[in-house]
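Participant: Given the coordinates of chain D, work out where chain A should sit on it, guided by the hints.
Chains D and A are the protein sequences, given in the same order. Per my numbering, the first sequence starts with residue -6, numbered consecutively. Per my numbering, the second sequence starts with residue 83, numbered consecutively.
Worth flagging that the hints you see were computed from the coordinates, not collected in a lab. Quick reminder that beta carbons are idealized off the backbone N, C-alpha and C, glycines included. Treat the hints with caution; some may be incorrect.
[Claimed, not checked] PhoX-like mimics (lysine-lysine), calculated; alpha carbons at most 20 Å apart, straight line:
id, chain 1, residue 1, chain 2, residue 2
1, D, K48, A, K109
2, A, K247, A, K123
3, D, K48, A, K246
4, A, K235, D, K23
5, A, K259, A, K235
6, D, K6, A, K147
7, A, K123, D, K48
[Said to hold, decoys possible] Covered stretches of chain D, going by a simulated chain A footprint (3 or more residues, C-beta under 8 Å):
id, region
8, 23 to 30
9, 33 to 47
10, 72 to 79
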Amino acid sequence: MTELKQGIRAHPKEAELAGYLSNTLTGESKKRVEDHIACCNDCLDNVISAHESVKEFKKGKGIAMKKVNIYLILAIISFVLSFVFQHYFAQFLTATVLLGIKWITDAKSTKMLVMIYEAWKNGGEKEASRILNSLDKGPKSRL
Amino acid sequence: MEEKNDPYLIESCLKKDLTAWSILIKKYSSLIYTSIDNRLKKYGISASSHDIEDIRQDIFSDIWKNGKLITITNRADISYWIAILSGNAAVEHFRSKEARQSQVNVPLSHRIGQKELDEILPSGIPRPNDELARAEMEERVDAAIEALPEREKLMIKLYLIHDKKYHEIAEFLGVPKGTVSSYIKRAKEKLKEALKDD
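Just chain D, same shape as in the assembly (with noise of 0.2 Å):
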């Protein structure tokens, strides 16, 4: 965050700011946010921005994150193949498996969840959360 011109009360909260747009804060929690929103262009950008990305996601105008995954196409089209290529069926067969393996270990949230399981049954929850630190370090080490 940029940092506070003199006046300027410390950043607020998340839940606060979220509060604010929700229109859940009353009196002087909710006059403290606008005054510090209308002085802070950070905070300002972030509240405008939420307000607008929930009015979208509310009308179903989100981005679709779901993609098409290569692995995927890959999987159907090799599973077409086995059968018109009955020679080759079991390799076309065992490449299908093998590509669909690799479609369903390739989104993101089953790898995460998958990690956090597998974390958790084997070291409790402090294992989990090291695991979630280096996932969140992840992403970071390759700046």
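Facilitator: Just chain A, lined up with the frame of chain D:
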């Protein structure tokens, strides 16, 4: 109906119920995508799907790791909270990338369109045509906006920088359209006065 399920979903997520986590991830992933994209668009950044995916993963791990769900005050509708969290995470992600830093930290006046700028600059003032004069003018515009009283400042920023119409500002702030109109009119007059050459 889904909204009504949110408090139960949060409760289950707090108990580290993996099925609930899976539902939460599925339900709010598209909102997170949209929020990241909308926030970055404010700075003219078009993030790649790889970047957005990284940020999305950061957000869920942050919620899990830091037990952030407990901080939610309005469990009946967590969409605003998710959107705010995503916007912050998007900016933090790009602030840590040196090459993009300048884009995220642009001066206020850079984001005002020419038409809107003409509305606040006094008539008869020559428009700057070299880099130095433009930078000087931008600095004066920024300072003049920041010097306005809070309510006028908020409304003029929504109008000039966020391209909001009077009725949208009125709806956002929960005030009558006429109030917005008079506040913005007053703010424009003050800005014209402040930007006059002495």
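Participant: For every hint, state whether the structure bears it out.
Facilitator: We went through each hint and held it up to the structure:
no.: 1; hint: D/K48 x A/K109; in the structure: 15 Å, holds
no.: 2; hint: A/K247 x A/K123; in the structure: 19 Å, holds
no.: 3; hint: D/K48 x A/K246; in the structure: 15 Å, holds
no.: 4; hint: A/K235 x D/K23; in the structure: 16 Å, holds
no.: 5; hint: A/K259 x A/K235; in the structure: 16 Å, holds
no.: 6; hint: D/K6 x A/K147; in the structure: 18 Å, holds
no.: 7; hint: A/K123 x D/K48; in the structure: 16 Å, holds
no.: 8; hint: 23 to 30; in the structure: holds (count 3)
no.: 9; hint: 33 to 47; in the structure: holds (count 13)
no.: 10; hint: 72 to 79; in the structure: violated (count 0)
Checked against the numbered hints above, the structure violates only hint 10.
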